[in-house]
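*Asks:* Residue strings, one per chain:
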Amino acid sequence: MELDVRGEICPYPMLKTVEFLKQHPGIAALTVLTDHSPALATIPWEAAKLGYEAEIETLGPAEWRIRLRKAAGAVDPRAVLSRLAHTLAQAGEGGV
Amino acid sequence: MAQGATAVAAPVGARPVVGLALVGGVLLVALLAGGVDGHLGVFWLLGVAFGVILQRSRLCFASAFRDLFLLGEGRALRAVLAGLAVATAGFWLFQQRLVPDPGLGDLPGRAHVFPVGLHTLVAGLLFGFGMVLAGGCVSGTLYRLGEGYIGSWAALGGILVGLFAAGRTWNWWWQVHISQTPLIWLPRWLGFGGALLLTLAGLAGVYLLVLWWEARGAPPLLPVRTTLTPPAFGVRDHLARLWGLLFGRGWPITSGAIALGVLNVFAYVFDHPLGVTGELATWSARLGTALGWPLPPLQGLDRLAGCNLVAEGGALLSDSFFLDAGLVVGALTAAVLAGEFRLRWPRQARRYLQSVAGGVCMGYGAGLATGCTIGAFFSAIPSLSLSGWVFGLALAGGAFLGGRVLRWLA
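Chain order of the listed sequences is A and B.
According to the numbering used here, the residues represented by the first sequence are 1 to 96, in order.
According to the numbering used here, the residues represented by the second sequence are 1001 to 1410, in order.
Treat each hint with caution, since some may be false.
[What the hints assert, rightly or not] SDA-like cross-link-like pairs, simulated, lysine to any residue; straight-line CA separation at most 25 Å: (1) A:Lys49 with B:Leu1409; (2) A:Lys16 with B:Val1086; (3) A:Lys16 with B:Leu1245; (4) A:Lys49 with B:Gln1348; (5) A:Lys49 with B:Ala1410; (6) A:Lys70 with B:Leu1353; (7) A:Lys70 with B:Gln1348; (8) A:Lys49 with B:Trp1212; (9) A:Lys49 with B:Leu1353; (10) A:Lys16 with B:Leu1209; (11) A:Lys22 with B:Ile1184; (12) A:Lys16 with B:Gln1348; (13) A:Lys16 with B:Leu1242; (14) A:Lys70 with B:Tyr1352; (15) A:Lys22 with B:Arg1407; (16) A:Lys49 with B:Tyr1352; (17) A:Lys49 with A:Pro61; (18) A:Lys49 with B:Gly1148; (19) A:Lys16 with B:Tyr1352; (20) A:Lys22 with B:Gly1072; (21) A:Lys16 with B:Ala1049; (22) A:Lys22 with A:Pro61; (23) A:Lys70 with B:Leu1409; (24) A:Lys49 with B:Glu1214; (25) A:Lys22 with B:Arg1216.
Please keep in mind that the hints were generated in silico from the structure rather than gathered at the bench.
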């Protein structure tokens, strides 16, 4: 399934994605098209709260495809957070 | 997380030739404007840096306040608080040279110390509501123009209308209320030490409050797949990596806010703190005059600093013109270099109306407060003015109301 939110600015790309996921409970994957870069932070963040992993692909100048996939199994937020912090530290990324 | 975690590859579709031409243009304007008057050249470069910082770090004051209520998330607001702390330290040092004895009642020249009163609350509520509705505050609207957002032109039009309306009603506000309200510069009452301590403690207190607010709804967080950066060998690799850090992906928002705080100190030490609405107010007054509806002489402006409704005595090529124009061109240049420039049209007609309406609210609020999120907030708190805190509190209230209305308009 694909959701095209190009032309929308904050917070609508994220609001529409969350609304779509809630209207289709249990959907395994969703692709979101956006041309609004702040959405690259908000969509993965909010989708994660609903149990989705995100991958971002740059399609062209200011155009991105965000692939959301339902994560397998239950998630322990604390373990996931420390793993993420570790990965980011190795990549030389400060996080915040 | 966010920027660090969202792996965006090296600029796709970056147009280096256009980018270099823009950089050349920026330097040429700096030389020409600087040749006319050194001040103009410096404010042009400050404006360009302003635009680059906002574009690269996607620093949006509207989202800083809005996301607190909409998502329970305060990352952007915490970044703004860090930037305010840096700017406060710089302003504080400089003000001690301007006014060695603060107890005598002198105010530090062009610092953004504004009258505090009911009008500050009304202005903040209107501005906060409007910026959420329009999807960006005044500086946000200007940098999005540079990135190619067509909807921002509608917001800009609304801002001009709102500023004009504020100009038409200014004398009423002045006579009934603003002329009786005090200018409260904290060092006058607390000394420099007390004012710094209180401001930094206030910022730290709000920071902790935001952390507590965020923790209430701690989300289960999943990792976004990141690509590891390979090791760099030699100068070429290091330069390529540096380029990637600057234009390959967005800057961490805290770095952007701190850079903006430093830029504000530079601007203040050079001449006056950053502020973007004064110039727009001047343009709204000019347009009004051209349409046969000039503003009446505005009262009390000689007693106010900052983004007055008629800035710089109405000169066409002023500091504030070059700052605002530089902001747009800086954001455009950064967006082109990063491959992020793109003309973006809202696909629903009601989004244009939403931007205009939000802009009108923002413009009126900015006129009343003699500043926007930059002039009356990001420059006022570091000026050690009480007005910045009251305006900031009202901005949060307005953003809360705006967030409520947003959902109906989805």
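*Asks:* Take the hints in turn and mark each one as holding or not.
*Replies:* Evaluation of the provided hints:
| no. | hint | result |
| --- | --- | --- |
| 1 | A:Lys49 with B:Leu1409 | holds, 24 Å |
| 2 | A:Lys16 with B:Val1086 | violated, 37 Å |
| 3 | A:Lys16 with B:Leu1245 | violated, 31 Å |
| 4 | A:Lys49 with B:Gln1348 | violated, 28 Å |
| 5 | A:Lys49 with B:Ala1410 | holds, 21 Å |
| 6 | A:Lys70 with B:Leu1353 | violated, 37 Å |
| 7 | A:Lys70 with B:Gln1348 | violated, 30 Å |
| 8 | A:Lys49 with B:Trp1212 | holds, 18 Å |
| 9 | A:Lys49 with B:Leu1353 | violated, 32 Å |
| 10 | A:Lys16 with B:Leu1209 | violated, 29 Å |
| 11 | A:Lys22 with B:Ile1184 | violated, 49 Å |
| 12 | A:Lys16 with B:Gln1348 | holds, 14 Å |
| 13 | A:Lys16 with B:Leu1242 | violated, 35 Å |
| 14 | A:Lys70 with B:Tyr1352 | violated, 35 Å |
| 15 | A:Lys22 with B:Arg1407 | holds, 15 Å |
| 16 | A:Lys49 with B:Tyr1352 | violated, 31 Å |
| 17 | A:Lys49 with A:Pro61 | violated, 29 Å |
| 18 | A:Lys49 with B:Gly1148 | violated, 31 Å |
| 19 | A:Lys16 with B:Tyr1352 | holds, 18 Å |
| 20 | A:Lys22 with B:Gly1072 | holds, 18 Å |
| 21 | A:Lys16 with B:Ala1049 | violated, 34 Å |
| 22 | A:Lys22 with A:Pro61 | violated, 30 Å |
| 23 | A:Lys70 with B:Leu1409 | violated, 29 Å |
| 24 | A:Lys49 with B:Glu1214 | holds, 14 Å |
| 25 | A:Lys22 with B:Arg1216 | holds, 22 Å |
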